[in-house]
Amino acid sequence: MKIAELTFEEFLEARTIWNDALQRSLDNHVFLTWEWLSSWWKHYGDKRRFLLVAVRDGKKILAAAPLMSSRYKLYGLELRKIEFIATPASDYHSFLLTKKKSGYVKMMLEYAAHLVAEWDCIELQEIPEDSETAKILGTISKEPFK
12 MKIAELTFEE FLEARTIWND ALQRSLDNHV FLTWEWLSSW WKHYGDKRRF LLVAVRDGKK
72 ILAAAPLMSS RYKLYGLELR KIEFIATPAS DYHSFLLTKK KSGYVKMMLE YAAHLVAEWD
132 CIELQEIPED SETAKILGTI SKEPFK
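The opening position of the sequence shown corresponds to residue 12 in my numbering, with each subsequent residue numbered one higher.
Hints are computed from structural coordinates only; laboratory data are not their basis. Just so you know, not all the hints are guaranteed correct.
Below, a list of computed lysine to any residue pairs in the SDA-like style, where the Cα atoms sit at most 20 Å apart [what the hints assert, rightly or not]:
#, residue 1, residue 2
1, K112, R35
2, K146, K71
3, K112, Y55
4, K71, Q136
5, K110, T150
6, K84, P99
7, K84, K112
The following label-pair restraints were derived from C-beta to C-beta distances [unchecked claim]:
#, residue 1, residue 2, range
8, E16, D131, 27 to 37 Å
9, K13, N39, 15 to 25 Å
10, G87, V41, 36 to 46 Å
11, E21, Y86, 33 to 43 Å
12, Q34, Y86, 41 to 51 Å
13, E46, K112, 24 to 34 Å
14, R26, Y86, 35 to 45 Å
15, L85, D31, 20 to 30 Å
16, N30, H54, 17 to 27 Å
17, Y83, K110, 30 to 40 Å
18, E89, K111, 14 to 24 Å
Built from N, CA and C at the ideal position, the CB exists for glycine as well.
Produce the complete structure using the sequences and hints provided.
Structural data, given as structure tokens:
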């Protein structure tokens, strides 16, 4: 098992692997599909950084955080934010989780946290309260990060 960042090109090539993982996902919805994420990115991702973090076992995806790094102006200051791909265009977001393992989510967030020079905040919006992503985030929010 290893954690890695996928480039957009690698994501495009991983369509079958992604769709297989999505079929096994605990929060399977249209906004996690390869088709939605790749189409949105092709049309709107040009001024952002693709930041898809995945926990893999060989080629198999166990968990993934479909994230991006965006820049915003806030009171004249530039803010670099990590958020879900397609924010705010998607009605809801979540991580792709094939098992109920908080360790996967923690690993992905710690990976993103180590990119500290590249962001000012992480904002994860529109997560359905009954999703496994929300439940796991609720439990690990009380734990310290490395």
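Taking the hints in turn, this is what the structure says about them:
| no. | hint | result |
| --- | --- | --- |
| 1 | K112 - R35 | 14 Å, holds |
| 2 | K146 - K71 | 24 Å, violated |
| 3 | K112 - Y55 | 32 Å, violated |
| 4 | K71 - Q136 | 27 Å, violated |
| 5 | K110 - T150 | 15 Å, holds |
| 6 | K84 - P99 | 16 Å, holds |
| 7 | K84 - K112 | 36 Å, violated |
| 8 | E16 - D131: 27 to 37 Å | 19 Å, violated |
| 9 | K13 - N39: 15 to 25 Å | 24 Å, holds |
| 10 | G87 - V41: 36 to 46 Å | 37 Å, holds |
| 11 | E21 - Y86: 33 to 43 Å | 37 Å, holds |
| 12 | Q34 - Y86: 41 to 51 Å | 44 Å, holds |
| 13 | E46 - K112: 24 to 34 Å | 26 Å, holds |
| 14 | R26 - Y86: 35 to 45 Å | 41 Å, holds |
| 15 | L85 - D31: 20 to 30 Å | 40 Å, violated |
| 16 | N30 - H54: 17 to 27 Å | 20 Å, holds |
| 17 | Y83 - K110: 30 to 40 Å | 34 Å, holds |
| 18 | E89 - K111: 14 to 24 Å | 38 Å, violated |
Checked against the numbered hints listed earlier, the structure breaks hints 2, 3, 4, 7, 8, 15 and 18; every other hint is satisfied.
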